[in-house]
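For chain R, the structure is supplied; the task is to place chain H on it using the hints.
2 protein chains.
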Amino acid sequence: MNILVTLDRRYLLPLRVMLTSLLMNQPGETVHLYLAADDLTEEDVLSLERLCAPHGACIHPLAIQDDWFEHAPTVRYYSRAMYYRLLAAQMLPETLDRVLYLDPDMLILQPLHDLYNTEMGDHLYAACIHKGLVDLSTPVNKIRLSTYENEGYFNSGMLLMNLPEIRRHVRPEDIFDYVERNRQLLLLPDQDVLNGLYGERILPLDETLYNYDARHFREYLIASQGVCDLDWVMRHTAILHFCGKRKPWLRAYSGRFAPLYKHYMSIAERTP
Amino acid sequence: MNILVTLDRRYLLPLRVMLTSLLMNQPGETVHLYLAADDLTEEDVLSLERLCAPHGACIHPLAIQDDWFEHAPTVRYYSRAMYYRLLAAQMLPETLDRVLYLDPDMLILQPLHDLYNTEMGDHLYAACIHKGLVDLSTPVNKIRLSTYENEGYFNSGMLLMNLPEIRRHVRPEDIFDYVERNRQLLLLPDQDVLNGLYGERILPLDETLYNYDARHFREYLIASQGVCDLDWVMRHTAILHFCGKRKPWLRAYSGRFAPLYKHYMSIAERTP
Numbered sequence: 001m002n003i004l005v006t007l008d009r010r011y012l013l014p015l016r017v018m019l020t021s022l023l024m025n026q027p028g029e030t031v032h033l034y035l036a037a038d039d040l041t042e043e044d045v046l047s048l049e050r051l052c053a054p055h056g057a058c059i060h061p062l063a064i065q066d067d068w069f070e071h072a073p074t075v076r077y078y079s080r081a082m083y084y085r086l087l088a089a090q091m092l093p094e095t096l097d098r099v100l101y102l103d104p105d106m107l108i109l110q111p112l113h114d115l116y117n118t119e120m121g122d123h124l125y126a127a128c129i130h131k132g133l134v135d136l137s138t139p140v141n142k143i144r145l146s147t148y149e150n151e152g153y154f155n156s157g158m159l160l161m162n163l164p165e166i167r168r169h170v171r172p173e174d175i176f177d178y179v180e181r182n183r184q185l186l187l188l189p190d191q192d193v194l195n196g197l198y199g200e201r202i203l204p205l206d207e208t209l210y211n212y213d214a215r216h217f218r219e220y221l222i223a224s225q226g227v228c229d230l231d232w233v234m235r236h237t238a239i240l241h242f243c244g245k246r247k248p249w250l251r252a253y254s255g256r257f258a259p260l261y262k263h264y265m266s267i268a269e270r271t272p
Numbered sequence: 001m002n003i004l005v006t007l008d009r010r011y012l013l014p015l016r017v018m019l020t021s022l023l024m025n026q027p028g029e030t031v032h033l034y035l036a037a038d039d040l041t042e043e044d045v046l047s048l049e050r051l052c053a054p055h056g057a058c059i060h061p062l063a064i065q066d067d068w069f070e071h072a073p074t075v076r077y078y079s080r081a082m083y084y085r086l087l088a089a090q091m092l093p094e095t096l097d098r099v100l101y102l103d104p105d106m107l108i109l110q111p112l113h114d115l116y117n118t119e120m121g122d123h124l125y126a127a128c129i130h131k132g133l134v135d136l137s138t139p140v141n142k143i144r145l146s147t148y149e150n151e152g153y154f155n156s157g158m159l160l161m162n163l164p165e166i167r168r169h170v171r172p173e174d175i176f177d178y179v180e181r182n183r184q185l186l187l188l189p190d191q192d193v194l195n196g197l198y199g200e201r202i203l204p205l206d207e208t209l210y211n212y213d214a215r216h217f218r219e220y221l222i223a224s225q226g227v228c229d230l231d232w233v234m235r236h237t238a239i240l241h242f243c244g245k246r247k248p249w250l251r252a253y254s255g256r257f258a259p260l261y262k263h264y265m266s267i268a269e270r271t272p
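Keeping their order, the protein sequence lines are chains R and H. In terms of the working numbering, the first sequence opens at residue 1 and continues consecutively. In terms of the working numbering, the second sequence opens at residue 1 and continues consecutively.
Bound-form chain R, shown alone (with noise of 0.2 Å):
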C-alpha cells in the first residue's frame, strides 16, 4: 500500500499521530510511505524511520527538482509545497498505479485495504464530498470555481490517485496557468484547483466512511437518521478528518474525539 504525505515540520507531530494509527490499523499490509517535504532534516526522517520500523513499514523521501517550479506563480503566503499533492504523478517513481494521499491532521481507525482497492475506472481520483458543510460552503464554492456541473466541492485531505490515469491527464502548465488565472479566488489553492480542473473526474466515495469530520458528529447523525452513531463511526469510520483550527494536538482542545487523538499521539510520543 502506497501512502503519500506532503508536509512541512510544523506537522511533524501530526504527520507522526496520523502515521502511528495508519500503521496500528493495517496488519498484515507492508505500507509504502513517499514523503514529499522541502524542510526535513535527517533526524526528522530518521524519527519517521523508527516509527515506521516495528510495523515492516518502509519512508521514501522524494527528490523534488527546483526547475519543476521556475514558471509555478506562487499565491499568498502559500510556499511551493501547496503544489506536491496536484504533481504526486511527476514526483513518485513511474512504477506506482496508486498511491493514497493523506493530511497530516487526521487519524486512521480502520484497516485502509477497501478503499485502496476501489475501482477507479478512467477517474484520476477518488476523494470525499463534505455534504455536512454544502450548505454554507458550496454555492460560494460553485461560483468562485464555476464548478456548477459538479454535485459538491471534494475536500482534498483524502486523496486516492489513479496514477497512469494522472500521468495522462494531469499537467503541471495546465494546473500553473490555472492558479496563475483565479490567484485572486483561491482560498485553499491545492483543493480549489483540484476541484476547479479535475472535479469532474473524481470519483467521490463516503464522506463518513473516508473523510469524517471530527466537528461534525451531530450533523452526520442527523443526516443518518440515527444511524451514525458513536457505536457506527468506531466500527465504520477509517478516515477521522479533524478539519478547522481548532486542531487536536493542542492543549485546549476537547471535542468528542479527542481522548482518542490524545492516546494515539501519546503512543507516537513514546517512540522518540
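Treat the hints loosely; a few may be bogus.
[As the list claims (entries may be wrong)] In silico DSBU-like cross-links for lysine-lysine, where the CA-CA straight-line distance does not exceed 35 Å: (1) H:247 / R:245; (2) H:131 / R:247; (3) H:131 / H:245; (4) R:131 / H:247; (5) H:131 / R:131; (6) R:131 / R:245; (7) R:247 / H:247.
To be clear, the hints were calculated from the coordinates, so they are not data collected in a lab.
For chain H alone, kept in the frame of chain R given last:
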C-alpha cells in the same frame, strides 16, 4: 509479564477489548495470560489465542479444583468465581513470583512495566483507593468492615500480587471464615474480603495512573487543581477503569472515553 484474569463467559467481549488494549500498548514485552474461568468453551480459548498470537502472548488456562471450594460459603448470587482472585496463589504455578490481576472492564493505555516492577517490600498486594468516592462510600465501608485503621477502601479491579508473601500469609480457610462471619455485610465480596482481611498489607498506588475511574474526569481534574486534564490523562493514565453500571460496550454508552473504548472494541472485533 504475568497477567491474571478471572471471568465468566458474559464478560468475554470486554475481556477481549481489555486484552487488545493491553497487548497493543506493551511493545517488546512478552505477556503470559493466566485465565481463571469455569465456563469457557474450547472455542472461547481459541479465540483468545488468536487475539494474543500476533503479539507473541501466551495463554495459560488454570485448572481449578472443586475440592478447594468444599468449605467455601456462597454469598447471594455470586458464584465461586468470586474467590478466584483471592485464591490466585493457590491456582497459579508455584514458580511465579508476581502477577497482575486486571478486571475486564478496563482499557490499558500505556506500558505497564513500571507498575509491574513496583517495589513491594513485604506488602501482599498493591492496589488503588478510589478517593473520588471516599466521601460517599468510605464511612459506610469502614463501619461495615471495621477497617478504621486503613486510610481508605481499595478497589480490587487492579491488583498487583506479591505471590511469595501471599503464599505465606493468605490462607483459604481465613477467607472462607471471614465470608461466613460477615456474609450479611458483604456488598462486593472479593473486594470487601481483601480490604477487611488484608487492607493493612496493601501498598497504595496512584489511582490516576493505575485505576482511573472513567466516570470521574471532572472530580480528578478538580482534586488535582487542574493538573489531570485530558492531555495529562491520555499521556499518563495507564489503566482506565469503567466502573459502575453503565458499561462502555453497550450501545447507549456515551461517556467521555466512549470513542476510545469503542475503537479498541472495533479492533478486538476484527479478530474473530
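Task: Index of numbered hints that the structure contradicts, given in increasing order - done: Checked against the structure, the only hint that fails is number 5, while the rest are satisfied.
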